[in-house]
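Starting from the given sequences, assemble the full structure and let the hints guide the process.
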Amino acid sequence: MQVLKDLLRSPAGALALLMLLATLLATLLTPLLSPYDAFALDFGNALQPPSAAHWFGTDNFGRDIFTRVMAGAVYDLRLALICVFGPMAFGVLIGLVSGFFGGRVDAALMRLTDIVWAFPFYVLVLAIVGVLGPSEANLYIAFFLVNWIGYARIVRGETLLIGRLEFIEATRVLRFGKPRIMLRHILPNAVTPALVYSMSDVVLTVQAVAALSFFGLGVQPPAPEWGLLIVESIDYMREAPWMTLFPGLAIVWIGIAFSLLGEGLSVALKPKG
Amino acid sequence: MIQVIFKRLLMLVPVLIGITLIGFLLLQVMPGDAAERAMGTRASAEELAEMRRLWGLDLPIWQQYLLFLRDCLTGSFGVSIFHKKAVITLVAERLPFTLGIVALSTLIALVIALPFASLAAVRRGRPADHAIRQIFVALIAVPPFWLSYVLILWLSLRLGWFPTGGVGEGLAENLYRLFLPSLVVGLSTAALIQQTLRAALIDTMKADYVDTARAKGLRRHEIFLRHVMPNSLISTISIIGVRVSWIIGGTVVVEKIFSVPGLGSLLIDAIVSRDLPVIRGLTVFFAIMVVIVNLITDILYALADPRVRLE
Amino acid sequence: MSLLSIRNLQTEFRGPAGIARAVDGVSFDVNPGEIFGIVGESGCGKSATCRSILRLFAGATARIVGGEVILEGTGDLAQMRESELARVRGSEVAFIFQDPLTALNPTMRIGKQVAEVIRRHRKVSRTQARDAALQLLRDVHITSPERRLDAFPHELSGGLRQRVVIAMALALQPRLIIADEPTTALDVTVQDQILRLLKERRDSTGTSIIFITHDLGVVSQICDRMAVMYAGRVVETGPVRQVLDQPSHPYTRALLDALPGQVARDRDLTPIEGSPPSLIAPPAGCRFAPRCRVARPGCARGAAPALKPRPGVAADHLDACILTEVPDAAA
Chain A
1 MQVLKDLLRS
11 PAGALALLML
21 LATLLATLLT
31 PLLSPYDAFA
41 LDFGNALQPP
51 SAAHWFGTDN
61 FGRDIFTRVM
71 AGAVYDLRLA
81 LICVFGPMAF
91 GVLIGLVSGF
101 FGGRVDAALM
111 RLTDIVWAFP
121 FYVLVLAIVG
131 VLGPSEANLY
141 IAFFLVNWIG
151 YARIVRGETL
161 LIGRLEFIEA
171 TRVLRFGKPR
181 IMLRHILPNA
191 VTPALVYSMS
201 DVVLTVQAVA
211 ALSFFGLGVQ
221 PPAPEWGLLI
231 VESIDYMREA
241 PWMTLFPGLA
251 IVWIGIAFSL
261 LGEGLSVALK
271 PKG
Chain B
1 MIQVIFKRLL
11 MLVPVLIGIT
21 LIGFLLLQVM
31 PGDAAERAMG
41 TRASAEELAE
51 MRRLWGLDLP
61 IWQQYLLFLR
71 DCLTGSFGVS
81 IFHKKAVITL
91 VAERLPFTLG
101 IVALSTLIAL
111 VIALPFASLA
121 AVRRGRPADH
131 AIRQIFVALI
141 AVPPFWLSYV
151 LILWLSLRLG
161 WFPTGGVGEG
171 LAENLYRLFL
181 PSLVVGLSTA
191 ALIQQTLRAA
201 LIDTMKADYV
211 DTARAKGLRR
221 HEIFLRHVMP
231 NSLISTISII
241 GVRVSWIIGG
251 TVVVEKIFSV
261 PGLGSLLIDA
271 IVSRDLPVIR
281 GLTVFFAIMV
291 VIVNLITDIL
301 YALADPRVRL
311 E
Chain C
1 MSLLSIRNLQ
11 TEFRGPAGIA
21 RAVDGVSFDV
31 NPGEIFGIVG
41 ESGCGKSATC
51 RSILRLFAGA
61 TARIVGGEVI
71 LEGTGDLAQM
81 RESELARVRG
91 SEVAFIFQDP
101 LTALNPTMRI
111 GKQVAEVIRR
121 HRKVSRTQAR
131 DAALQLLRDV
141 HITSPERRLD
151 AFPHELSGGL
161 RQRVVIAMAL
171 ALQPRLIIAD
181 EPTTALDVTV
191 QDQILRLLKE
201 RRDSTGTSII
211 FITHDLGVVS
221 QICDRMAVMY
231 AGRVVETGPV
241 RQVLDQPSHP
251 YTRALLDALP
261 GQVARDRDLT
271 PIEGSPPSLI
281 APPAGCRFAP
291 RCRVARPGCA
301 RGAAPALKPR
311 PGVAADHLDA
321 CILTEVPDAA
331 A
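Protein chains in written order, with this note's numbering: chain A, 1 to 273; chain B, 1 to 311; chain C, 1 to 331.
Hint data in this document are derived by calculation from the structure and do not stem from the laboratory.
Do not rely on the hints blindly, as some may be mistaken.
[As the list claims (entries may be wrong)] When the alpha-carbon atoms are kept at most 16 Å apart in a straight line, the in silico EDC-like pairs for lysine to aspartate or glutamate are as follows: (1) B/K7 to B/D298; (2) C/K112 to B/E222; (3) C/K199 to C/E34; (4) C/K112 to C/D131; (5) B/K84 to B/D269; (6) B/K206 to C/D99.
[As the list claims (entries may be wrong)] Covered stretches of chain B, as calculated for chain C (at least 3 residues, CB under 8 Å): (7) 200 to 208; (8) 222 to 230.
[As the list claims (entries may be wrong)] Here's a subset of chain B near chain A, in silico, CB distances under 7 Å, partners left out: (9) Y149; (10) V253; (11) I271; (12) T283.
Where is the CB? At the ideal position from N, CA and C, for every residue including glycine.
Now the structure itself:
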């Protein structure tokens, strides 16, 4: 696709794709690269520093950290992608409808988003999960309730802007059905900034998920989620800093990759001409 | 001026009421039994009933909301089940520490973002600019709670420069103890501010009055410090205003790690002890804080920029 | 002895499309106490030339690649180090920009901005600078100057703001003021006032003024000598009455024919066909040739013609058309 080519042309996009590809390969090839199981306990080998046998060292249970971090990649990415693209789909739809139809629906919706926007993100997510109880499902609920708003606002803004452009007026005059106008003409353009935003959203969501695990409010052990890996490492921080280091670096790695991807996308998706 | 502020406050009232409503509803979240969900299926019928009573779940929803609204309007924001005190009392005890982190981290964010944004703007397109951008991209990617531990490991445990947390007596000691948590929040905030500030600086540097300043024979640093920076800082005020929600949210995470008895740890504790009134009242209080800080930011902006009248 | 002597100035501007030589071999002199007008179409290089004098390129990537800009008693401004040039700017040579609405810092009070230029070049106290600023505001006939000193730019009208800009330009009694279309953004009545103000200032202080404009009427009103520019070069220069009444270069004639008004009352309006050439890859020979009514094949070949006096005309009235060598050939 043209977008992919443009993406590769920008240094940010190329680097991002490279990083993500590397991550993907590493995750897929882990069974080949590492003979260890992410959950296998091996007390004899506990708290070993990084070595040829254990690239990232072992944790207090003797589990190979490399394997666990790689397994965590699958976990965290799955969580992040669901928690970002689910709300995004919903938010985009709402924004599109709101911006397109305008009037009282739009005004009411904007009121609503203004109010929810005032709540700090972490506070809201924590509170919701806190009330519902810690579990992966409740994590999804919390994110879905809160995260769609950013997208709705962005897409609404774009829809209003685009809606005023002449070619949209033309389609209205030609009496294209409203859903058709929305989907075929406005959506592709309005979604672009939302897509760029979603990249930084992934970065922040991965962090948020990890932070929730940290508070015991998210994913539960023994899942190899990165946040949990860090939590488990705290008691051993002094003797085995590698336990804390590698999962954190993994989060940073993914964060940089998606930030760069966002940068690359914002350049690649810019309308030409 | 006072009248305009008053008018703005009045306009905020529906928003504030909306906040109480949304705050209330969000925590009612799903149909079904909140008590059962929170306590799990292992809880006995008596325990569940007791939980429902404590949380006020045995009343119809609209009644629960009105009671909550009343609590908000009277200023108590609910009564803690655990502490047996009004939520606002707990808040008052802990607010100074959270505000301390918010203020200190904003300061740190500015101190970090300003020079780098300036350098990036002045050397736009050149290697320094790209390098700075990469550094700050990496900075956003660093999760705050992990960073907290890394800093504790390094600056506290290994180098012994800072205590691992807690709070002390008096301003000086608190500033010292709150430095690390503020540094963590400040770093991620700086990453967000730097980009916008750089853009604002670049925009200002293109202005005609900067041309005039050069034509007057002013030297580069004089122009930058006296004309470019002050005007860009004014737009920075509104940038920070937008980020306030983020800064306040960031304190929630670091407070627990650094054992700071602020609002964030209050929230976490309330969640752990299943203190619904506190969770609810505190969440609403946070939102109100954000709204008020935004208003203050708007006022500051109007004061700083002579062209703007606070409409 | 001329005050400012520009010889074969060449300035390149780097843009997305390539490198344009917006000033390509410009030469003219400005004498002490005279008002020198520069006219030409948009993009002819008049602004670029004048900005080159003080190297005020406003963020554009530009540099002087040839020629000299000799300010009498000071030296070649084109070769000067930036720090030295900064001392010339504002004190010996001042610049007035086109748009008064954006030329002043919106968050700084008027008095402070005027005082700023004084304090930059002279060791005076804040009070002394403020007093001097007050007097300058009076010199440019701003009413209630004490009140205006503490005002912000947005509180003043466009005309008043331009007066403030002029006050800043006059502050250190420069020998030369460069005014880049200072009245274009103002309405007609205000224009007139500003023109008269500039003339009055010249009369009382003896400062020279370079006046850039596209309005031949203005040139006729206040300028003593003038230059006509086209595509980065000067095509005609001389005393205003000479150039406007007896234009030598076909371009000047075409300009006069194309404009209504006082200058050429008895002629029909004839627009000039075509558009100016690209300055990234300028054509050979005379650049006006493609649009010139009397062009000959030889015009579009070789180097661009140099300025030279025309036989039978005053010695300081120069033009750059090869056809004027021969009397009546360009008629």
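Okay, the hints, checked on the actual structure:
1. B/K7 to B/D298: Holds, at about 13 Å.
2. C/K112 to B/E222: It holds: about 14 Å lies between the C-alpha atoms, which stays within 16 Å.
3. C/K199 to C/E34: Satisfied, since the Cα-Cα distance of roughly 10 Å is no more than 16 Å.
4. C/K112 to C/D131: It holds: about 11 Å lies between the C-alpha atoms, which stays within 16 Å.
5. B/K84 to B/D269: Status holds; Cα separation ~14 Å.
6. B/K206 to C/D99: holds (14 Å)
7. 200 to 208: holds (count 4)
8. 222 to 230: holds (count 4)
9. Y149: holds (6 Å)
10. V253: B/V253 check passes; min Cβ-Cβ to chain A is 5 Å, inside 7 Å.
11. I271: Check passed: Cβ of B/I271 comes within 3 Å of chain A, closer than 7 Å.
12. T283: holds (5 Å)
Every hint from the earlier list agrees with this structure, and none is contradicted.
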